[in-house]
Structures are given as structure tokens and as C-alpha cells.
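Generate coordinates for the entire structure from the input sequences, incorporating the hints supplied.
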Amino acid sequence: MQKGSLDMHLFTRTGDILSWTIRCRILAGVASALNYLHYEYDQKVIHRDIKASNIMLDSHFNARLGDFGLARALDNEKTSYAEAEGVIGTIGYIAPECFHTGKATQYSDIYAFGTLLIEVVSGKCPGTRMNGFQFMVDYVWSLYREGRILDVVDERLQDDYDKEEAERLLLLGLACSHPMAVERPQIQAIVQILSGSLAAPPVPPFKPAFVWPAMMPIDDISQSTSNTTPFSINQF
Numbered sequence: 001m002q003k004g005s006l007d008m009h010l011f012t013r014t015g016d017i018l019s020w021t022i023r024c025r026i027l028a029g030v031a032s033a034l035n036y037l038h039y040e041y042d043q044k045v046i047h048r049d050i051k052a053s054n055i056m057l058d059s060h061f062n063a064r065l066g067d068f069g070l071a072r073a074l075d076n077e078k079t080s081y082a083e084a085e086g087v088i089g090t091i092g093y094i095a096p097e098c099f100h101t102g103k104a105t106q107y108s109d110i111y112a113f114g115t116l117l118i119e120v121v122s123g124k125c126p127g128t129r130m131n132g133f134q135f136m137v138d139y140v141w142s143l144y145r146e147g148r149i150l151d152v153v154d155e156r157l158q159d160d161y162d163k164e165e166a167e168r169l170l171l172l173g174l175a176c177s178h179p180m181a182v183e184r185p186q187i188q189a190i191v192q193i194l195s196g197s198l199a200a201p202p203v204p205p206f207k208p209a210f211v212w213p214a215m216m217p218i219d220d221i222s223q224s225t226s227n228t229t230p231f232s233i234n235q236f
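Counted the way UniProt numbering counts, the sequence shown spans residues 1 to 236.
Calculated directly from the structure, the hints in this document are not laboratory data.
Remember, predicted model here, so these are calculated numbers, not experimental data.
A hint or two may mislead.
To be verified - Distance windows between CB atoms, simulated: (1) Q158 to H60: 20 to 30 Å; (2) D58 to V211: 34 to 44 Å; (3) F206 to G4: 37 to 47 Å; (4) R148 to G127: 17 to 27 Å.
To be verified - List time: in silico DSBU-like cross-link candidates among lysine-lysine, alpha-carbon distance up to 35 Å: (5) K124 to K163; (6) K44 to K3; (7) K163 to K3; (8) K124 to K3; (9) K124 to K44.
Glycine residues also receive a C-beta, built at the ideal position from the N, C-alpha and C atoms.
This is the structure we're talking about:
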């Protein structure tokens, strides 16, 4: 992979400044890879560590999803993988429900992809503190509510980008980052949204509260921890 990893170009001064066209192509490539893992491979595969440093780029900046060290293949009847040692992944990309179930699912991969979307459009890592917000996703949600969502687009692009497309990708990033797993779009819809053949899903102006266990899919609730006392964390 002659161009190294995606994070090298997004966060360091040594890499190329990625054009808007290249960024969109990279995201489309990762989504295609994720669709293959979730639905087209012989077994469902959960990657569990989607992030910029695990996206490798060839000489033409075509994306390859790499580092399958944490990935797990599931039997066809299963929907999740439980890690005996607790939550595995990288902070900022880990879906909130994983901290309560200790399980990775297709939903949690989608959450990580949402983080990646915002990362690629903004040129900032998910843990960047902006205007008092601990994570970029919360900052983007605040900008969206104020009608200024394009303010987060990487300034290095110098307005050389498709504004309508940028807004669609940022809204998709927020939809994928929805605290409630079942509200996140599936990867097939994500592929269509990235191609422009489908509109971005509706996103509420305020980030919804994380509610446990009501936000979990039915089959995951039945297999989760014995503590079923509902509570919520208002993240906004």
C-alpha cells in the first residue's frame, strides 16, 4: 500500500492533502468492504476496529480495510460476538452499547464507520476537543442544530469541495453515530447514500439520549447482561 494509512494524510503534515474527490472515494471503498464483510462473505464478519489508521491506501488512493486482528467471523445464526476480556476497540469509535453488553455487532461497526465519516470530512480525529465538546461527533451535532454543519469541513480544502455532498456525508455520519443501535442505517443503505442514489437519513437536531436496554435489538437484549434496570445517559 504505497500511500500508507489514511490517518497519515489526515493528521500529519508529511502526507498528501487529500482532495474532496479522493476522500469520497476512500469512504465508498471502506463502505464496500464493510458491506462485503457483513453480507457477502460466507460468514458474517465484524471488524471491530474501523478507524483511519486501519484504512490502507494504494498508489491511486484506493482504500483497503486492513488490520483484522480484532475481527471475528460469526455463525450464521449469531448476531454478536462477546469478548471475554471486556470491550475491545478504540475510544471514540466504540458504540455506547458495547460498554454494557461487552459485545460487538454489525451495529457497532456502523457506529465506528460514522466516526470515520466525520473524521474524513473534518480532517480531525474523533477525540479532538472543540468548543468544550469532548468528541467531534458532539461538536458536529451542535453545528447541525445551529445550521452551520459545514463549518466542520477540513479547512485545508479551502472551499474546494461539493457542499451538498459534504452535508450529506456529515448527516450520514451523525445517523451512523446514533446512540440507539437500531436507529443506525444498515450498510446497504450507506453504500447508496455515499453514491448519491439515496438521500441522507433524517437526523434529529438534538443528539438523542442513550437509553439502556431499550435501544438494543430484541435478540441482543435477550442475550445481554442480567442487569435490566433501564437508565439513560444524556450526552447533550
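Query - Pairwise hint evaluation, K3 against K163, where the allowed Cα distance is 35 Å at most - result: holds, 27 Å
Report task. Return holds or violated for the Cβ distance of F206 and G4 against the range 37 to 47 Å. Result -> holds, 38 Å
Query - Assessment of proposed distance window 17 to 27 Å (beta carbons of R148, G127) - result: holds, 22 Å
Query raised in the report: Holds or violated: are the alpha carbons of K124 and K3 at most 35 Å from each other?
Result: holds, 19 Å
Requested in this report: Given the hint that K124 pairs with K44, test it: the Cα-Cα distance must not exceed 35 Å.
Outcome: Given pair K124, K44 holds - Cα atoms ~31 Å apart, limit 35 Å.
Query raised in the report: Are the Cα atoms of K124 and K163 separated by 35 Å or less?
Result: holds, 18 Å
Query raised in the report: Does the Cβ distance between D58 and V211 fall inside 34 to 44 Å?
Result: Cβ of D58 to Cβ of V211: about 42 Å, so the range 34 to 44 Å holds.
Query - Pairwise beta carbon distance, Q158 to H60, judged against the given window 20 to 30 Å - result: With Cβ atoms ~23 Å apart, the hint holds.
Requested in this report: Starting from K44, check that the Cα of K3 is at most 35 Å away, please.
Outcome: This hinted pair holds, its Cα atoms lying about 29 Å apart.
Consistency note: the structure conflicts with none of the earlier hints.
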